[in-house]
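Read top to bottom, the protein sequences are chains A and B. So in the working numbering, spot 204 of the first sequence is number 604, and the numbers just go up one at a time. So in the working numbering, spot 257 of the second sequence is number 266, and the numbers just go up one at a time.
Among the clues, some could well be false.
Claimed, not checked - Keeping only pairs whose Cα atoms sit at most 25 Å apart, straight-line, the calculated DMTMM-like set for lysine to aspartate or glutamate is:
(1) B:K141 <-> A:E683
(2) A:K627 <-> A:E683
(3) B:K103 <-> A:D548
(4) B:K144 <-> B:E131
(5) A:K640 <-> A:D548
(6) A:K640 <-> A:E683
Hints were generated in silico from the structure; no laboratory data involved. None of these values were measured; they are calculated from a predicted model.
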Amino acid sequence: MEFLWDFFVAPFLDMIDFPIFLAEVAVSGLLTGVMYSLVALGFVLIFKASQVFNFAQGAMVLFAALTLVGLIEHGLPIWGALPVTAIVMVGLAFAIERGMLRPLINQPPITLFMATIGLSFLLEGAGEWAWGSNVKALDLGIPNSPVDVGGMLLNEFDLIAALVAAVLVAALALLFQHTPMGRALRAVADDPQAALSLGISLRTIWIIVWSVAGIVAIVAGIMWGAKSGVQFSLSLIALKALPVLILGGLTSVPGAIVGGLIIGLGEKIAEVYWGPVIGGAIENWFAYMLAMLVLMFRPQGLFGEKIIERV
Amino acid sequence: MTVPLESPAGGGGDAVAAPEALLRLDSVEVVYDHVISVLRGVSITVPEGAIVALLGPNGAGKTTTLKAISNLLRVERGDITGGEIHFRGERIDKLAPGDLVRRGIIQVMEGRRCFPHLTVHENLLTGSYTRKDGKAAVRSDLERVYGHFPALGERRRILAGFISGGEQQMLAIGRALMSRPAMVLLDEPSMGLAPQVVARIFSEVRQLNEEEGVTFLLAEQNANMALGVAGYGYILESGQIALEGTAAELHGNPAVREHYLGLSHAAAQSADEGGRAG
Numbered sequence: 401m402e403f404l405w406d407f408f409v410a411p412f413l414d415m416i417d418f419p420i421f422l423a424e425v426a427v428s429g430l431l432t433g434v435m436y437s438l439v440a441l442g443f444v445l446i447f448k449a450s451q452v453f454n455f456a457q458g459a460m461v462l463f464a465a466l467t468l469v470g471l472i473e474h475g476l477p478i479w480g481a482l483p484v485t486a487i488v489m490v491g492l493a494f495a496i497e498r499g500m501l502r503p504l505i506n507q508p509p510i511t512l513f514m515a516t517i518g519l520s521f522l523l524e525g526a527g528e529w530a531w532g533s534n535v536k537a538l539d540l541g542i543p544n545s546p547v548d549v550g551g552m553l554l555n556e557f558d559l560i561a562a563l564v565a566a567v568l569v570a571a572l573a574l575l576f577q578h579t580p581m582g583r584a585l586r587a588v589a590d591d592p593q594a595a596l597s598l599g600i601s602l603r604t605i606w607i608i609v610w611s612v613a614g615i616v617a618i619v620a621g622i623m624w625g626a627k628s629g630v631q632f633s634l635s636l637i638a639l640k641a642l643p644v645l646i647l648g649g650l651t652s653v654p655g656a657i658v659g660g661l662i663i664g665l666g667e668k669i670a671e672v673y674w675g676p677v678i679g680g681a682i683e684n685w686f687a688y689m690l691a692m693l694v695l696m697f698r699p700q701g702l703f704g705e706k707i708i709e710r711v
Numbered sequence: 010m011t012v013p014l015e016s017p018a019g020g021g022g023d024a025v026a027a028p029e030a031l032l033r034l035d036s037v038e039v040v041y042d043h044v045i046s047v048l049r050g051v052s053i054t055v056p057e058g059a060i061v062a063l064l065g066p067n068g069a070g071k072t073t074t075l076k077a078i079s080n081l082l083r084v085e086r087g088d089i090t091g092g093e094i095h096f097r098g099e100r101i102d103k104l105a106p107g108d109l110v111r112r113g114i115i116q117v118m119e120g121r122r123c124f125p126h127l128t129v130h131e132n133l134l135t136g137s138y139t140r141k142d143g144k145a146a147v148r149s150d151l152e153r154v155y156g157h158f159p160a161l162g163e164r165r166r167i168l169a170g171f172i173s174g175g176e177q178q179m180l181a182i183g184r185a186l187m188s189r190p191a192m193v194l195l196d197e198p199s200m201g202l203a204p205q206v207v208a209r210i211f212s213e214v215r216q217l218n219e220e221e222g223v224t225f226l227l228a229e230q231n232a233n234m235a236l237g238v239a240g241y242g243y244i245l246e247s248g249q250i251a252l253e254g255t256a257a258e259l260h261g262n263p264a265v266r267e268h269y270l271g272l273s274h275a276a277a278q279s280a281d282e283g284g285r286a287g
């Protein structure tokens, strides 16, 4: 009986008794969620435009962070290292188009998926070969200290990270919805062959989306790297993005964002309120269990693109 | 010099020999997946300003012929293994689809293939992707397309996935027109549409041809409709041209009447001699 009370009633009483603390937990969960969203966003962009499930997205995050930190260690200021890293990621997009996508054109999706697994090993290896495999600190000069926002104590770094992510997403939305290039990208996502018949070059589009995914990887790499150090385990956050994708749907940009927020929020609240009851560590598996539930009841994801079919 | 039934198959100086030929295919062969032979020496001539029909049963190679011209074969693992294709005297069978669109050849694919998650307006704009002549020119062409297809104008803010099949066919044609083509390769525009809608689309094709001088190569199973607008026609069977002639000649041919126009006659016993003549 006592367990049932602790599990089903007490957490909610706690929430009601200390609403400000609940708000703090919720906001800090959402802020972590933003960072999941960023990784998931890279997957969605590439999947939409080229139907490739890019397993290497996590490795791209690691590679971007390693390159940035390596350049800073070699004496570049961060504002010099950033554009150089961006150029490296765009160069990588060209190399991937030339060396992987073009030779594998017309191959089944599973072949391309396997190729991206190979790519992830290549990137992890190349990054560590070039910049070394020790854990590196990425100091952006943003204090990791709490600030008071309307009575809530929030982490300043998280707030800035969320702001940067919001700006990035807004910029992407603008690019996709309101430029000829964005229109071409969406056309390719809908029907690559029809787009080709209008003279839209699939190669150009692929280079663009892989470049954009590379830029998103830089932002994600900076945030995660500054939080937990730049190290091999960064490439594993791709695994954390998978439940986000299942929740949000593989083809939906808003889905990736909302999915990340839901998972960040859910796991933080579960950890804080239910963690003590069942012994903690909920954060480690909460996302996957949520993803499983979604798969059982709504396999296309909460926001998966509706297939428009007229009968 | 009298013009024979066969088109003037040029040897050397083509541009001089046949100044009116906008597009010429010379014994084009296409193989899929390195083994499946689909086109076995197809020769077609399309004069500037004409509407030419490409008729034939399902699987004869009509779509493959059009895709060989627009170079959309590669993505389906098809390859041109023989023959040549010339457009305005220039050899084009090695050019990328984008380069062909820039030169004025565009294909409207079978099944319309509008972008369902883009609005009608955005779909039209994707057709102007290769153009470099500025926003004002594109805008005036948009109004021209809306003028030809008023139904599209009323629905410009609606996602293309939600408009009717006939409207989608108009949208696909309008989208192609946005590239300012000299020549449109129109694949099976009648597919899955009601007869009245088909009639409207064909009358629009004729109007575009007469008023704007757009040349059409029209692949159709609906031979009746196609020969109604086309001046000349080819009949494709198993990857080869079985017969060709003016629309009137084809209409009068007993084999064509029997097999493609659905006009059964007692006199249809000569079907086979006629059908294999070309």
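To see whether the hints hold, each was checked on the structure:
As the CA atoms of K141 of chain B and E683 of chain A are separated by approximately 53 Å, the hinted pair breaks the 25 Å bound. Restraint check for K627 of chain A and E683 of chain A: the C-alpha separation of about 17 Å stays at or below 25 Å, so the hint holds. Restraint check: the Cα-Cα separation between K103 of chain B and D548 of chain A comes to about 66 Å, which exceeds 25 Å; the hinted pair is violated. Taking the CA atoms of K144 of chain B and E131 of chain B, the gap is about 14 Å. The hint holds against a cut of 25 Å.
Our distance criterion of 25 Å between C-alpha atoms is broken by K640 of chain A and D548 of chain A, whose separation comes to about 30 Å. Taking the CA atoms of K640 of chain A and E683 of chain A, the gap is near 11 Å; set against the 25 Å cutoff, the hint holds.
Checked against the numbered hints above, the structure violates hints 1, 3, 5; every other hint is satisfied.
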